[in-house]
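Participant: Using the sequences provided together with the hints, build the complete structure.
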Amino acid sequence: MAETDQALPLSDQLAAMNLTDTVEKHAFSDRVLIRSIVGRPDGGAGLAGQRVRAGGWVKTGREQGKGTFAFLELNDGSCPASLQVIVDAGLAVLSKLVATGTCVVVDGILKVPPEGTRQKIELRVEKVVSVGEVDPAKYPIPKTKLTLEFLRDHLHLRARTNTIAAIARIRNALAFATHSFFQEHNFLYVHTPILTTSDCEGAGEMFQVTTLISESEKLEKELIKNPPPSEVDIEAARQVVSERGEAVKQLKAAKASKSEITASVAELNKAKENLSKLEERSKLKPGIPKKDGKIDYTQDFFARQAFLTVSGQLQVETYACAVSNVYTFGPTFRAEHSHTSRHLAEFWMVEPEIAFADLQDDMNCAEAYVKYMCNWLLDRCLDDMLFMAKSYDKGCIDRLRMVASIPFVRISYTEAVELLEEAVRGGKKFENEVKWGIDLASEHERYLTEVKFQKPVIVYNYPKGIKAFYMRLNDDLKTVAAMDVLVPKVGELIGGSQREERYEVIRERILEVGLPLEPYEWYLDLRRYGTVKHCGFGLGFERMILFATGIENIRDVIPFPRYPGRADL
Numbered sequence: 001m002a003e004t005d006q007a008l009p010l011s012d013q014l015a016a017m018n019l020t021d022t023v024e025k026h027a028f029s030d031r032v033l034i035r036s037i038v039g040r041p042d043g044g045a046g047l048a049g050q051r052v053r054a055g056g057w058v059k060t061g062r063e064q065g066k067g068t069f070a071f072l073e074l075n076d077g078s079c080p081a082s083l084q085v086i087v088d089a090g091l092a093v094l095s096k097l098v099a100t101g102t103c104v105v106v107d108g109i110l111k112v113p114p115e116g117t118r119q120k121i122e123l124r125v126e127k128v129v130s131v132g133e134v135d136p137a138k139y140p141i142p143k144t145k146l147t148l149e150f151l152r153d154h155l156h157l158r159a160r161t162n163t164i165a166a167i168a169r170i171r172n173a174l175a176f177a178t179h180s181f182f183q184e185h186n187f188l189y190v191h192t193p194i195l196t197t198s199d200c201e202g203a204g205e206m207f208q209v210t211t212l213i214s215e216s217e218k219l220e221k222e223l224i225k226n227p228p229p230s231e232v233d234i235e236a237a238r239q240v241v242s243e244r245g246e247a248v249k250q251l252k253a254a255k256a257s258k259s260e261i262t263a264s265v266a267e268l269n270k271a272k273e274n275l276s277k278l279e280e281r282s283k284l285k286p287g288i289p290k291k292d293g294k295i296d297y298t299q300d301f302f303a304r305q306a307f308l309t310v311s312g313q314l315q316v317e318t319y320a321c322a323v324s325n326v327y328t329f330g331p332t333f334r335a336e337h338s339h340t341s342r343h344l345a346e347f348w349m350v351e352p353e354i355a356f357a358d359l360q361d362d363m364n365c366a367e368a369y370v371k372y373m374c375n376w377l378l379d380r381c382l383d384d385m386l387f388m389a390k391s392y393d394k395g396c397i398d399r400l401r402m403v404a405s406i407p408f409v410r411i412s413y414t415e416a417v418e419l420l421e422e423a424v425r426g427g428k429k430f431e432n433e434v435k436w437g438i439d440l441a442s443e444h445e446r447y448l449t450e451v452k453f454q455k456p457v458i459v460y461n462y463p464k465g466i467k468a469f470y471m472r473l474n475d476d477l478k479t480v481a482a483m484d485v486l487v488p489k490v491g492e493l494i495g496g497s498q499r500e501e502r503y504e505v506i507r508e509r510i511l512e513v514g515l516p517l518e519p520y521e522w523y524l525d526l527r528r529y530g531t532v533k534h535c536g537f538g539l540g541f542e543r544m545i546l547f548a549t550g551i552e553n554i555r556d557v558i559p560f561p562r563y564p565g566r567a568d569l
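Every letter in the sequence shown is one number past the one before it in the UniProt record's numbering, and letter 381, counting from 1, is 381.
Read the hints as simulated data drawn from the structure, not as lab findings. Heads up, a few of these hints could be off.
[What the hints assert, rightly or not] Cross-link-like lysine-lysine pairs, in silico, BS3-like; alpha carbons within 25 Å at most:
| hint | residue 1 | residue 2 |
| --- | --- | --- |
| 1 | Lys66 | Lys143 |
| 2 | Lys394 | Lys455 |
| 3 | Lys467 | Lys489 |
Facilitator: This is the structure we're talking about:
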């Protein structure tokens, strides 16, 4: 329900929704979504008298009336609210229904419960269609409140909890909002590769992809089972080739028949082929192949080193320099041994690129995108946001409204450092030193957004020494046209820049940061041939979810978190 709906009387809300007295089945199932019942402005009261089939998992269940009937709170994940279901003992063995986690499909009639109850509608069951039982003694997700840390050890079941299900719906909404925003602004969605041979960040913290190890292990097993030929074996094969060759000569000298000579040549060729195979096999050595003392990657799957991508930016730039406005949205990887609440080894990035645009355009796009997502959650996911506000961060909805409604502060990096130095002189203590040239730490970013300005801040024109080689060098030759969007709660949400479009300058920058030119020749081609002013940014998708929900640990806002020591499922 949108924020504006809250102020309307119930009768007006019902009229605005044009509610009917029937509830539609799910398009691809023989049941109705629980959201289509309890998610209405009237809480489902207008559907009283309708017969429906509902299915879901029991959140809580209890037998009542000395075992004559049971109350079930049924949830199918379509919304935070559950549907109260009443089952008489004559329809099923109640003890098999009431355990938390039990899956139940029932047919029944919707009825308005007695006055004074919390529910606006309940389902009186007429038939129990199916039951997926649970042994309460073994089920690891009981109805008691569980910590998010505990749930990380049960990834395959944690989506059944209210919190993880709500986060999943919020994540889905933000993904939908992302595509909607860029599609509405005429961006083309481009799928960039997960396997790459270039390091976008120049950081070196990349997961290597290779088949050399598995191929080496396979070879070692094969050589044990079928040892390589000895020198004696090879010499014997050479002798056979020599003998077969001599036989051919003799037949030719004796002017033997064509069929005899052909048969003898075939025998010779067969002997040569056998010798070649033996010689090739004799060269096989256990272990990873090496050349000049180094691993020989020409023997690897791609005939060169390959990695999991840390960003799709460089690749998506090739399309920006051809079809103008593009974005990629996919998983990225960083082999960083970090155990903080803000780092994952696998995470998702949203990365737009805009041709014929500069740093100012980049900041405008980033701000509009963040505001769009905040409004989307307020308009379309308010029930889940209310749950997060009640359970985790009471200020999360106010934070979304604030970000959606006010202009972001924009200051240069130099101005940001001066403000931080001013705070230090005023008695503020930071763990990380403040001076021009540092990469702003999370505590610095949060001071600017939560204390100094109390709103989002865009910091731009960073020192070139702390930014990537592809960012456009400013006229002062000390800074680059980079920008970071900082928000309360998480600090940096977006990092972006105007890209360096000048061939000589970017070539020099690649060398300056110690990267080889060869892997980036294709990237340089974008500047050699028809170069264009362009810009872009990357938004850490999980960080956006942290910002929206108030959840503290990034491992809880991605379905299957990967971090040092853990890659479950």
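Participant: All hints are to be evaluated individually against the structure, with a verdict given for each.
Facilitator: Going down the list of hints, with the structure as the test:
With a CA separation close to 22 Å, the supplied pair lysine 66 and lysine 143 stays within the 25 Å bound. Proposed proximity of lysine 394 and lysine 455 is supported: the alpha carbons are some 17 Å apart, at most 25 Å. With a C-alpha separation of about 23 Å, the suggested pair lysine 467 and lysine 489 falls inside the 25 Å cut-off, and the hint holds.
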